Amino acid sequence: MSDGPVDIQLGKVIGRRWKIIEKLGEGGCGSVYLVEDTKSRARAALKAESNFVPGGSVLKLEVQVLRRMIGKKYVAQLIASGKKEKYCYMVMTLFGHSLAKLFKACKREFTLSTQVRLGMQMLYGLKQLHEVGFVHRDLKPANLAVGRKGKHARVLHLLDFGLSREYIIKGTEGKPIIRAPRENTLFRGTTKYCSANSHTKAEQGRPDDLWSMLYVLAEMKGPLPWDQFRDKHEIGKVKHATTDEKLLAKCPKEFMDIANHLRELDYYKRPDYAKIFGIFEKIMSENDIHHSDQLDWEKLPNIGIGGVGLTEKKSKKKRIQTIAEDVSVDQTAEGNKPATNDKTLVSEECDDEPPFTKEEFEKNEIGF
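The sequence shown begins at 1 in this note's numbering and counts up one residue at a time.
Certain hints may be false.
[Unchecked claim] DEER-style ranges, computed between Cβ atoms:
1) Q9 to D227: 36 to 46 Å
2) K253 to S40: 25 to 35 Å
3) D7 to K253: 12 to 22 Å
4) T357 to I70: 17 to 27 Å
5) G55 to D7: 16 to 26 Å
6) R16 to K107: 39 to 49 Å
7) K151 to H261: 38 to 48 Å
8) D7 to E353: 42 to 52 Å
9) P181 to T243: 49 to 59 Å
10) I21 to K275: 39 to 49 Å
Read the hints as simulated data drawn from the structure, not as lab findings. These numbers were taken from a predicted model, which means no experiment stands behind them. Every residue gets a Cβ at the ideal spot worked out from N, C-alpha and C, and that includes glycine.
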């Protein structure tokens, strides 16, 4: 096997349990497969990576992050992992559509109602990751996806931790400390959504993830100011030259309070997640927005479990995505098609209970 994408034969059983059903995508040195549990017939996603990856294993880092995230709400969960002679793999539960796909289906514009709730959900996912000592460094619509059943189908889940970095480490006395930032780093992330700070080769911290969140939110109301540029350095120049007022011109005025807070932070300072959550709550209250309101893609025809029934041409080489959900594999069984009165269908899930509470945003689990 070369150091290219892993190619596993359909029908093969991995780890004496996971039968390869279909190849979902590939990219670089990794491939993602739809797999079926031979015991329960539940379906999951298996991500495989060649053992001959130059520069070190991305999958190993992802497994490390996911192990820290076990039991946390609305984040990707690890079911199993292992290593073969020529490749290593991990198994995760399935997700629905990515935010990138949902945004495209809605003609690349969301209503205020959808925008503010997605902001709250992205904030929650990032806080969950930050609380286990990692920063993401690649937040973008392709790395966010809705779940497949019940409330999970109405909440974004944070995916793909291959570019993540640990910012909390053990000090010389064995106590956790904030890892000292490097003066110069290699560029990590996606040029369109990475923070302006990332373009200066500065170490990325928690605020950088939140700037990426703000860029994703701003794009929901129109193209970003640097959308027409392709050169990394040109994009960096435009980001630094763009005022917060211009970036957020089509967004609620309260978004300026988020930008102002982020400008107060540095690598070491903890973001005030509760404050940002409160800003989103205020916007919802003042605009009579409820958690039970339909999300924009739910207004489209052919709604099914996990999101919209988008019709698309199958591609043998789709861009690789992590596909998972933070529920146990036994809860994702698809051996039988659900009945039309199945209360786990997204269209049936209409209670106005928020997916998380203010107290969850106030809690400082990591102490930094």
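Comparing the hints with the structure gives:
1. Q9 to D227: 36 to 46 Å: holds, 42 Å
2. K253 to S40: 25 to 35 Å: Violated - the Cβ-Cβ distance for K253 and S40, about 50 Å, lies outside 25 to 35 Å.
3. D7 to K253: 12 to 22 Å: 52 Å Cβ-Cβ, so the 12 to 22 Å window is violated.
4. T357 to I70: 17 to 27 Å: holds, 21 Å
5. G55 to D7: 16 to 26 Å: For D7 against G55, whose Cβ atoms are near 21 Å apart, the range 16 to 26 Å holds.
6. R16 to K107: 39 to 49 Å: The hint (39 to 49 Å, Cβ to Cβ) holds, given that R16 and K107 are roughly 46 Å apart.
7. K151 to H261: 38 to 48 Å: violated, 29 Å
8. D7 to E353: 42 to 52 Å: 45 Å Cβ-Cβ, so the 42 to 52 Å window holds.
9. P181 to T243: 49 to 59 Å: Roughly 26 Å apart at Cβ, these two residues miss the hinted range, so it is violated.
10. I21 to K275: 39 to 49 Å: With a Cβ separation near 45 Å, I21 and K275 satisfy 39 to 49 Å, so the hint holds.
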